[in-house]
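Please take these sequences and the hints and turn them into a complete structure.
As you go down the protein sequences, you meet chains A and B in turn. To convert, note that position 79 of the first sequence is 79 in our numbering; the numbers rise steadily by one, no gaps. To convert, note that position 57 of the second sequence is 57 in our numbering; the numbers rise steadily by one, no gaps.
Keep in mind the hints are simulated off the structure, nothing from the lab. Every residue gets a Cβ at the ideal spot worked out from N, C-alpha and C, and that includes glycine.
Label pairs and their calculated CB-CB ranges:
{"id": "1", "chain 1": "B", "residue 1": "R30", "chain 2": "A", "residue 2": "T5", "range": "23 to 33 Å"}
{"id": "2", "chain 1": "B", "residue 1": "M15", "chain 2": "A", "residue 2": "D31", "range": "40 to 50 Å"}
{"id": "3", "chain 1": "B", "residue 1": "N70", "chain 2": "A", "residue 2": "Q56", "range": "36 to 46 Å"}
{"id": "4", "chain 1": "A", "residue 1": "K78", "chain 2": "B", "residue 2": "K40", "range": "17 to 27 Å"}
{"id": "5", "chain 1": "A", "residue 1": "Q44", "chain 2": "B", "residue 2": "P61", "range": "25 to 35 Å"}
{"id": "6", "chain 1": "B", "residue 1": "G14", "chain 2": "A", "residue 2": "T114", "range": "37 to 47 Å"}
{"id": "7", "chain 1": "A", "residue 1": "D81", "chain 2": "B", "residue 2": "K38", "range": "26 to 36 Å"}
{"id": "8", "chain 1": "B", "residue 1": "K38", "chain 2": "A", "residue 2": "Q2", "range": "19 to 29 Å"}
One-sided and incomplete, this derived list gives chain B residues near chain A with beta-carbon spacing under 7 Å:
{"id": "9", "residue": "P42"}
{"id": "10", "residue": "L88"}
{"id": "11", "residue": "E102"}
{"id": "12", "residue": "P108"}
Lysine-lysine pairs mimicking DSS-like chemistry, simulated, CA-CA at most 30 Å apart:
{"id": "13", "chain 1": "B", "residue 1": "K22", "chain 2": "B", "residue 2": "K41"}
{"id": "14", "chain 1": "A", "residue 1": "K78", "chain 2": "B", "residue 2": "K40"}
{"id": "15", "chain 1": "A", "residue 1": "K102", "chain 2": "B", "residue 2": "K40"}
{"id": "16", "chain 1": "B", "residue 1": "K38", "chain 2": "A", "residue 2": "K73"}
{"id": "17", "chain 1": "B", "residue 1": "K41", "chain 2": "A", "residue 2": "K78"}
{"id": "18", "chain 1": "B", "residue 1": "K9", "chain 2": "B", "residue 2": "K19"}
The chain contents come next:
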Amino acid sequence: AQTVTQSQPEMSVQEAETVTLSCTYDTSESDYYLFWYKQPPSRQMILVIRQEAYKQQNATENRFSVNFQKAAKSFSLKISDSQLGDAAMYFCAYWYTGTASKLTFGTGTRLQVTL
Amino acid sequence: DTEVTQTPKHLVMGMTNKKSLKCEQHMGHRAMYWYKQKAKKPPELMFVYSYEKLSINESVPSRFSPECPNSSLLNLHLHALQPEDSALYLCASSQGSTGGQETQYFGPGTRLLVL
Numbered sequence: 001a002q003t004v005t006q007s008q009p010e011m012s013v014q015e016a017e018t019v020t021l022s023c024t025y026d027t028s029e030s031d032y033y034l035f036w037y038k039q040p041p042s043r044q045m046i047l048v049i050r051q052e053a054y055k056q057q058n059a060t061e062n063r064f065s066v067n068f069q070k071a072a073k074s075f076s077l078k079i080s081d082s083q084l085g086d087a088a089m090y091f092c093a094y095w096y097t098g099t100a101s102k103l104t105f106g107t108g109t110r111l112q113v114t115l
Numbered sequence: 001d002t003e004v005t006q007t008p009k010h011l012v013m014g015m016t017n018k019k020s021l022k023c024e025q026h027m028g029h030r031a032m033y034w035y036k037q038k039a040k041k042p043p044e045l046m047f048v049y050s051y052e053k054l055s056i057n058e059s060v061p062s063r064f065s066p067e068c069p070n071s072s073l074l075n076l077h078l079h080a081l082q083p084e085d086s087a088l089y090l091c092a093s094s095q096g097s098t099g100g101q102e103t104q105y106f107g108p109g110t111r112l113l114v115l
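Structure below.
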């Protein structure tokens, strides 16, 4: 069974600084996708970034980038120039390209952004 | 446009009531999902509809009854709920294409309180 682990329940970063959220996963599949979702207090789950496992290049979306280490099964999220609006719960998630596949979430990391 | 809408935003119901949650998307997605989320926890999958047919039921109690009237709409009918069913109910959709990327886009959720 696939599992996703986020070992940091809470993180804090100062505004304009950089923070990295960790995620590791366990799978025997070779074709899969990894996601970071953000859930602010307003509660809507917002897709932050997506990584296809077959792509070696790390995905980037503006201030958000990932460090995807396939052999180590690691998928960390780096937020640069942190803003107050980045404060949220961040979930790492995994999905593999198979029938009846389900999105598997980690337990989440709550990010606080301070002035 | 990656919008999934859900109504109502909030719902309070007694244990003998019957109510329905509604989800709508106009992205042409053919897979739709219901999740239940407790506070500070990741979403838990309840049901998956693929091409308007129920494809996954995660052993959800029969007091929750999903319905997919067409490819754009997903309902969740509630009857005789228990206080422990109080949670945020999230709807999501994805393209549904076999073997394709399955990025799920989430709605804002319905906050349900069962008294």
